[in-house]
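Visitor: Residues per chain are reported as follows:
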Amino acid sequence: MFDFGSITTWFDNLLESVMPAWAATVIECVIIGVVLLLVYALLAIFYIFYERKLCAWFQCRLGPMRVGPWGILQVFADMFKILIKELIRLENIDRFLFALAPYLVIIASVVSFAVLPWGNGLQVIDFNIGVFFMIAASSLGVLGILLAGWSSNNKYTLIGAMRSGAQMISYELSVGLSIMTIVVLAGTMSVTELVAAQADGWFLFKGHISAVIAFIIYLIAATGETNRGPFDLPEAEHELTAGYHTEYSGIHFGFFYLAEYLNLFIVSGIASLMFLGGWMPLHIPGWDGFNMIMDYIPSVVWFLGKAFFISFIIIWFKWSFPRVRIDQLLALEWKYLMPIGLFNLILMTLLVVYGLHF
Amino acid sequence: MEVKIKGMKREDFKDNEYIDKLVEELNASGANVVVGQFDKLINWGRANSLWPLCFGTSCCAIEFMHLGAARHDMARFGFEVARNSARQADYIMVQGTIVHRMAPALVRLWEQLAEPKYAIACGGCAVSGGPFKGSYCVVDGVDQIIPIDVYIPGCPPRPEAMFYGLMQLQRKIKVERFFGGVNRQEKLADFLAAHPEKNEAMK
Amino acid sequence: MANIQETISKLCPTATFEQGEELRVTVDAKQWRALAEQLKSNADLGFDYLVGICGCDWKESMGCVYYFTNTSTQNHLMVKVTTADREHPMLHSVSDLWKVALIQEREVFDFYGIIFIGHPDMRRLFLRTDWVGYPLRKDYDANPEINPIRLTQEPNEDATAEYVEEADGSVKKIDKKVFEDEEYVVNFGPQHPSTHGVMRLRASIDGETLLKIDPMCGYIHRGIEKLCESKTYPQTLMFPDRMDYMSAHQNRHCLCMCIEKALGIEVPRRAQIIRVMMDELMRLSSHLLSYGCMTMDMGATTAFFYGFREREEILDIFEKTCGARMSLHYNVIGGVVADVHPDFIKDVRALCSIMPERMKEYHKLISGNVIFLNRSKGVGVLSKEDAISYSVTGPSGRATGWHCDVRKTAPYSIYNELDFEEITETAGDSYARYMVRMREIEQCVKLLEQLCDLLEKEPGNEYIAPKVPKIIKLPAGSWFQQVEASRGAFGVYIESTGDKTPYRMHFNSPCLNIVGSVDKACKGYKIADLITITASLDYVIPDIDR
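Chains as they are written, first to last, in our numbering: chain G, 1 to 358; chain R, 1 to 203; chain D, 1 to 546.
Just so you know, the hints here were simulated from the structure itself, not pulled from any lab data.
A virtual CB, placed ideally from N, CA and C, is assigned to each residue, including glycine.
Heads up, a few of these hints could be off.
In silico BS3-like pairs for lysine-lysine, Cα to Cα no more than 27 Å straight-line [stated by the list, open to error]: (1) LYS473/D / LYS133/R; (2) LYS133/R / LYS500/D; (3) LYS473/D / LYS346/D; (4) LYS520/D / LYS176/D.
Part of the chain R face toward chain D, derived, beta carbon under 10 Å [what the hints assert, rightly or not]: (5) HIS66; (6) ILE98; (7) ARG108; (8) PRO147; (9) PRO159; (10) PHE163; (11) ALA193.
According to the in silico footprint, chain D covers these stretches of chain R (three or more CB under 8 Å from chain D) [as the list claims (entries may be wrong)]: (12) 112-119; (13) 127-139; (14) 149-158.
Using the sequences and the hints given, assemble the complete structure.
Guide: Set out below in structure tokens:
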């Protein structure tokens, strides 16, 4: 399988041969930053288009068609417009926090975006608590949402923010527990090692019962954590007009909009890393010919393909299910998902201790 | 540089005199090449990304729902991102009668829209009061209280008519000028001078 | 009937009687309260269902016309209460006996300035709080300078009043507030995605729990009843189409029937069949819309598109025959405006054949969904007594177990020849209301199939009565007619002095009563339930406001 590490090492050596190490590092950091932001923006645009087309498909419609071939330029048009839309100055708000909130949300999502394993050797940073870092960074977003709701001085945004605070913090628990279950199976928190450990089979298959339970819990909890339907209460359109971002206009609203889609990608990416082998192709022990063919598909394609597939499932939820109510939402988490998750963690530990996994 | 209108066939539209006039005016005053190109790009973005504010008061709103539903599917044009918060929408389509009690709410919504913003009067009632003209509490045409860009007659207009109206709005946007033009004209200082009571709050 | 008259004349010796289609009693304002109490509680009378209150200005006197029904015997009674005082007209409120009067009396107050003594919340319903005058009085000054378009916020939104009768007979005004200052009030509307139009609900909440809901109407009040008084009868026909646009045919059918009754016109059978077919198609399309809107309000957007897909088919049928998709203007006095399109029966049959399949899809998508069940079962419960007291008719009323389908209780047109079932549920919650609608769709299909056979067998093509006068003048008198519209019993009350234009035309809309019950249905549930309950009650705003 092609290792992108060879390119980056070659580039690093090239830079260090003409300049001191610190300068090379600075240049590399800048390049990585620019590339990340670019990929971030492009993926967000792709995701918006992806969701629009998918939901049109569920709803017997066509979706964007007229702007560019098959409507692919639609989202670009939206972006141009939203960039130059007026930012409304509001009276009687906490102006500093109001302006800060969208940036917090977008920073949280960019940071956790950065740690995803894009492909063989394509990773910004690899350290031994990569997964932990990812969860920590992604949970920063709730702060932005709370601030947005609080600082807008509006009852809808306040109710939306309170809901999202209760919801995101609760569902973080289940996300954490189901990831812990896999960490127990893998015995590591490093992203590279997690992927490498799945070379002979994805964790979803290796951990059988326990991993499948963890996967289902993760999907539900991740949907809850990203505020997507059926858990989209913080911005429940039919109750709270637009929830916590009711008062935001122009690019500030655009940030929330982008972050919402990118968070969808991030949770899908984490799911594919933890359960479906990250960029690792589908390998079935013993079928060497099959494994060889699978290896010919580039690792980036594997990773994105898995992430898109999981996003597809989450989008499918969103457009089919009615929205739950806040008390039902919390009951689901605290009465069902978390106890099951805890039990599942013990089950996985037993499986690992007695070597009952593949 | 010459301003051209792209996107739709000219012969499909019969009532373009006023847009032609606008184009002529723009061409007469001359446009900078670079700025003109930027204008084109921005107008392209704006015209193709018109997010409506959900604002239906009566029958026309049901036809607007049909516009969004599967057969007519306004998503094809990118109109489907209907925003419920006025701050994020681009145009307000007044679907139905506006009565005295509703008028202040409509004006308020209009003021809440972020620039650039457009208004469409959809249906007989919004255009002129329609069948309820002369009633004691009906506003005879919303243009009495907010500026209207496009009028769509009908009671209620068919979804196809609404498309035509929306496409007319797109054409209108495509000949606007971003640089030196259509954004909020009133500067904050002027606003504060006119409303001294707001001085404290805006600091 | 004679029995009722005897009982009432014993209770109220000064009352005068008149025998129309139903018994009509005229009493003076002073005896009204005592009579009202007896009407409700006396076992011989037992009028537990107040269909409607229509305020009226008879120039030398003012007052109200109350229309009652006894739900067990289906006896009807019309009571006319008059007061000669034009300066400060006052009547006793009956809002403690029939809860529907809570909102209907406010309407009368708004239109005529008649004060109801003992009504707990006497304020305007449709017009701005700073409105000058009472528009439906015959001496109302319509000069636009008195009431210009005001672009300011309404003053004293929270102010209300109660009028209490003292022991010495004088009436004292007590100022009250709708919401106290310390209550946390959330405002929904008038522009809000889930109020289905321009309704405004103010809810006092504690955390996420609703304590009190105050519906504010009038954001689409177009003064139809006043406009009708200046239009000729054929001209008034355009208004019912625009009130509840989801029951355009039924409403117009009702008005036509009322005028035909007054003129004594016999509608040809073919026209009757066509009218009933159109009514049922309209009901079908309306229930599809409410399916879509209810599910969309719950957040399941896809179901909305499914409902609208079939609605398009129905609108195609309408378009072929009537020439329009909405605001159809098909019924006219004496029949229908033109014969049906040659493809009509074929199209309706095609629709009937696809519906069972599509119904399965709807149920598969939503009805069994666990989130949907949790959101709707046991939520927004109205008991049968509540439904009768608040006069909540239609699918919402039948969901409580109340048999209130006008097609069965007082069959009109050709409904008594048709075989269909009156759908009722007993739970009275959002789910029951939803299921009643879904099952009524099946009944509509069943009816349409029968009607197709009838229409095919019907010889001739007489779609309008041959002897409709060119200039329509109703004889002096008053008429009341009810039909079952998509959302409940829709009534038209016409009072004529023998002119080309009606002296008073009142539309008794089902949705106004439903709105009156919102506070009762929602109290104690969560904010999110407010949306689902109002969606399941399924009101149409222009029908409330008229």
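Visitor: It remains to establish, for every hint, whether it holds in the given structure.
Guide: The hints, checked one at a time:
The hinted pair formed by LYS473/D and LYS133/R meets the criterion: a straight-line CA distance of about 24 Å does not exceed 27 Å. Distance restraint check for LYS133/R and LYS500/D: the Cα-Cα separation of roughly 21 Å lies within the 27 Å cut-off, and the hinted pair is therefore satisfied. Distance restraint check for LYS473/D and LYS346/D: the Cα-Cα separation of roughly 39 Å exceeds the 27 Å cut-off, and the hinted pair is therefore not satisfied. Among the hinted pairs, LYS520/D with LYS176/D is consistent with the structure: their alpha-carbon atoms are about 20 Å apart, no more than 27 Å.
The criterion of a C-beta within 10 Å of any C-beta in chain D is met by HIS66/R, whose closest approach is roughly 7 Å, and the hint holds. Checking ILE98/R against chain D by beta carbon gives a least distance of about 9 Å; that is within 10 Å, so the hint holds. Below 10 Å, beta-carbon pairs count as interface contacts, and ARG108/R has one with chain D at about 9 Å; its hint therefore holds. The criterion of a C-beta within 10 Å of any C-beta in chain D is not met by PRO147/R, whose closest approach is roughly 14 Å, and the hint is violated.
At its closest, the beta carbon of PRO159/R sits 8 Å from a beta carbon of chain D; the interface hint therefore holds under the 10 Å criterion. A hinted interface residue such as PHE163/R counts as satisfied when its beta carbon comes closer than 10 Å to some beta carbon of chain D; here the least separation is about 14 Å, so the hint is violated. Given hint, ALA193/R at the interface with chain D, is violated; its Cβ is 22 Å from that chain's nearest Cβ, farther than 10 Å. Look at the region 112-119 of chain R against chain D: 0 of its residues bring a Cβ nearer than 8 Å to a Cβ of that chain, fewer than three, so the hint is violated.
With 8 residues having a Cβ less than 8 Å from any Cβ of chain D, the region 127-139 of chain R passes the three-residue criterion, so the hint holds. Requiring three or more residues with a Cβ within less than 8 Å of a Cβ of chain D, the coverage given for the region 149-158 of chain R holds, as 3 such residues are present.
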